[in-house]
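*Asks:* Position chain A relative to chain V; hints supplied.
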Amino acid sequence: DAGVTQSPTHLIKTRGQHVTLRCSPISGHKSVSWYQQVLGQGPQFIFQYYEKEERGRGNFPDRFSARQFPNYSSELNVNALLLGDSALYLCASSYDLNEKLFFGSGTQLSVL
Amino acid sequence: GQQVMQIPQYQHVQEGEDFTTYCNSSTTLSNIQWYKQRPGGHPVFLIQLVKSGEVKKQKRLTFQFGEAKKNSSLHITATQTTDVGTYFCAGLPSNDYKLSFGAGTTVTVRA
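Protein chains in written order, with our numbering: chain V, 1 to 112; chain A, 1001 to 1111.
Excised from the complex, chain V in its bound form (with noise of 0.2 Å):
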């Protein structure tokens, strides 16, 4: 079976830009969510989608933007991008709320 999927697995980009971050889930899972790791931190809880509604949001600015589709993969999309947003963006799947997140392999971002 597939795990979790991230697109692109790196990217770079210029301050200013925007960026979308895509992400599939396991077949099954209900539940996305985001987090952004910074080198030697522990993952940053960003968002939670559930049946493609919003459950939670970190703290992070208004630049930063989700959304879950009706097949449940998901999108992050980070506006006006700044050079402290790069880091590894990683993306967890649940087959329901609370329960243990899978993660896929990230995408790391570099804002130059």
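No lab work stands behind these hints: they were computed from the structure.
In silico DSS-like links for lysine-lysine, alpha-carbon gap of 27 Å or less:
no. : chain 1 : residue 1 : chain 2 : residue 2
1   : A       : 1051      : V       : 30
2   : A       : 1098      : V       : 52
3   : A       : 1051      : A       : 1098
*Replies:* Positioned in the frame of chain V, the structure of chain A alone reads:
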């Protein structure tokens, strides 16, 4: 907001020795989860603890959830080179859906 603190940040262990990493939350948790991230990899789920005082074992790994459901520990016995990586605890507050990760304990092993 809720904070999850982990100590120590780094653990350098001689192969064959034991060590423990600790996790503390500022709020009561409905559950706590532990993940392991190998260098260059992504976090992989290890275990979830739900009940007050719960203890679970996975081979050489022992996980414990505190009586007040605000702290947890991971104890590894007879450390092996395969234990290298960063261990994260992640707490789910009783009244929230946001799973908050600690900063992790990065383990290196001396052969």
